[in-house]
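**Student:** Single-letter residue listing:
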Amino acid sequence: MDINFQNILVVTSVVLAVIYLFKKFSPKKSTGNCSKKDCGCS
Amino acid sequence: MSKQIKVALIGNPNTGKTSIFNSLTGLNQKIANYPGVTVEKKEGVCKLSRGVKAHIFDLPGTYSLNASSMDENLVVELLLNKNHKDFPDLAIIVSDVENLKRNLILFTQVKDLEIPTVLAINMSDRMKYKGIELDIEKLEKKLDTKIILTTNRTKDWVGEVKNLIENYKDLSSKIFLDTSIIEPEYFNKLKNIFPNQQLYKLWVVICQDVNFSNVSRQEIENSDFEIKSTSELKRLQQKETIKRYQLINNILKEGQTIDSSKAQGFRAKIDKVLTHKFFGYVIFLMILMAIFQTIYEWASIPMDFIDSSFASLADWVKINLPSGAMTNLLADGIITGIGGIVIFIPQIAFLFMFISILEESGYMSRVVFLTDKTMQKFGLSGKSVVPLISGVACAIPAIMATRNIESWKERLITILVTPFMTCAARLPVYLIIIALVIPDEKIFGLNYQAIALMSLYLIGFITALLSSLILTKILKIKRRSIFVMEMPNYKFPRIKDVFYTVFEKSKSFVVEAGKIILAISVILWVLATNGIGDKFENPRNYISENIEEISIEEIQTLEASIKLENSFIGFIGKSIEPVFKPLGYDWKIGIGIITSFAAREVFVGTLAVIYNIDNYDDSEGKKEEIKNIMARETDANGNKIFTLASGISLLLFYAFAMQCMSTLAIVRKETNSWKWPILQFIIMTALAYFISLISFQILS
Chain A
1 MDINFQNILV VTSVVLAVIY LFKKFSPKKS TGNCSKKDCG CS
Chain B
1001 MSKQIKVALI GNPNTGKTSI FNSLTGLNQK IANYPGVTVE KKEGVCKLSR
1051 GVKAHIFDLP GTYSLNASSM DENLVVELLL NKNHKDFPDL AIIVSDVENL
1101 KRNLILFTQV KDLEIPTVLA INMSDRMKYK GIELDIEKLE KKLDTKIILT
1151 TNRTKDWVGE VKNLIENYKD LSSKIFLDTS IIEPEYFNKL KNIFPNQQLY
1201 KLWVVICQDV NFSNVSRQEI ENSDFEIKST SELKRLQQKE TIKRYQLINN
1251 ILKEGQTIDS SKAQGFRAKI DKVLTHKFFG YVIFLMILMA IFQTIYEWAS
1301 IPMDFIDSSF ASLADWVKIN LPSGAMTNLL ADGIITGIGG IVIFIPQIAF
1351 LFMFISILEE SGYMSRVVFL TDKTMQKFGL SGKSVVPLIS GVACAIPAIM
1401 ATRNIESWKE RLITILVTPF MTCAARLPVY LIIIALVIPD EKIFGLNYQA
1451 IALMSLYLIG FITALLSSLI LTKILKIKRR SIFVMEMPNY KFPRIKDVFY
1501 TVFEKSKSFV VEAGKIILAI SVILWVLATN GIGDKFENPR NYISENIEEI
1551 SIEEIQTLEA SIKLENSFIG FIGKSIEPVF KPLGYDWKIG IGIITSFAAR
1601 EVFVGTLAVI YNIDNYDDSE GKKEEIKNIM ARETDANGNK IFTLASGISL
1651 LLFYAFAMQC MSTLAIVRKE TNSWKWPILQ FIIMTALAYF ISLISFQILS
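Protein chains in written order, with the working numbering: chain A, 1 to 42; chain B, 1001 to 1700.
Hints in this document: simulated from the structure, not taken from any laboratory.
Just to be clear, a hint being listed does not mean it is correct.
[To be verified] Straight-line distance between alpha carbons at most 25 Å, and here's what the computed BS3-like set of lysine-lysine pairs gives:
| no. | chain 1 | residue 1 | chain 2 | residue 2 |
| --- | --- | --- | --- | --- |
| 1 | B | Lys1042 | B | Lys1085 |
| 2 | B | Lys1515 | A | Lys24 |
| 3 | A | Lys23 | B | Lys1491 |
| 4 | B | Lys1101 | B | Lys1174 |
| 5 | B | Lys1042 | A | Lys24 |
| 6 | A | Lys23 | B | Lys1515 |
| 7 | A | Lys24 | B | Lys1272 |
| 8 | B | Lys1272 | B | Lys1047 |
Produce the complete structure using the sequences and hints provided.
**Tutor:** In structure tokens:
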């Protein structure tokens, strides 16, 4: 792949896409903010 | 900085709070979640005179301040906490004119928190049909508040409400009921120990265990005050409710008259038919059929327009931007991928429009009531009906909605079967496959494609019921939740409210799915246009046909096809192809299935990108619509990829498979265990594979 402006933009887009998907689907910490009686997360 | 007034809209469910919210805020609204919980937070701005703005908060519907669910807890916490950033300067209590007595319980409770209140008596246009007369002056005096008669038919009342908001400081914030009269000895002791606190607030804290910034339940427990057992507290709460009803009854005796001969009639007759155990279902199925039929009839023109617009946009980008990798990514990856999902907006918008009309008209509540009886036969209570019906939009809020099911096993079963319901994300997948393999013809005036789509919705519903029946036997449920629901009145849906619902749902569908599809399209395009090896570098050397006998266009298409098969994505696709081959899918569909584990609708974007890459523009340099490219696609032997057999197999795969990572994550959160989402994923995927395999082998 030649190094030119368009290729740099493509690589940047791919990196951003991977970061976005990683952040979107990586497990999040439970906030533990729900009440004991009405949810199973406690 | 201009002055801002915070206003909370509070009321029982189905009192028309949202209509009032929409009338006051117009399109100046935003929807978010309350921090830490997935309870919808609606906030809007209402412009008043002299640059003053009112921030209106549409709080979740609640019957009283004796909270029993997470939504209700949230209302109580906000109203108790003066330090909360959204603590209201004014509370507008929205009540339904036909259920005024019950609605006033909440009104009197909020008033006892010493918050300035306005009572909005909504649906006032129904008073004449129901024989209701109100003496507003008397009611205002007795309830010590300002009363506004509101309706969604006219806007006359909006100015009056704005005026009251602007002058909220003039409104009374005196309490309605002296809490100590509930049980003098008990409450006087509490008052003596916490002399600087509002008595009713202390009482709510004791009963609810909510976070109250001034004093916590722990503090009360640590003091000399004896809180009493839970059953005793319940008894006192009942006593409080009775006292309130006594006072409200006396006030309504003076301020309200109802001509009971007018109160009955039309609604009861309609209810009898719509909730009939046979005709109720027939009517429901006819309504569903009409909806699906109409979706197909109405959506075709805007869909064709969107399809050709995206093809033209991709052409424009290729012609007008400097040639290079980024331009190709934009035209063939991003625009094609996004276009693949945007095209379904008309059908999704129409579906949500019909659902919204059914909800607004009061019919959906009859459906819940009707199906409750069937649910019980399959081991579920009526409390499972609401999550299951919500699952038609999205499984995530539907699974959240199971939180009001008291029995854990029953709740677990509802969580496990809800993803079988046909969510909006399945819709684009169904629509594209149906368009490819089911003929656009009619039988007895009914479109085959509409029948196919409705059948898929029914398959989802029936599978959810059968799965729950099996799970009930395995998990051995003994205790059932009790389901109590109130039938709202029938009313003509307000166009504006339907429009807001359609707009919000379509926007969130496109924005949420769009971001994932955009990211996946970028990665797919790069993987599909890069590769290693001589076949990728010099595809012309591997064309089996005699080059001199075929046209340049055909040579380019063959070259593109060889390149794609030897690209990185081709390598991955070919590696997984043996898994999907028995179901009738080629490696490109296999890639679509893998990427759509992120979200089902990604499947459509993925196919749009992959099929577009090995397809050359026509002789005039114009891009072809993606549907036509897919319809023409053949395998190495020249057999069509999208046949009736492979299409039905694919439809059934998506009907049964658990293709949604977000749903798995929410099941993990709600069950506090990985066991259930993993089991759910394995069983649903295995079932999808098995049924698709059988259907393909039989049909082919």
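**Student:** Among the hints numbered above, which are violated by the structure, and what are their numbers in rising order?
**Tutor:** 3, 7 and 8
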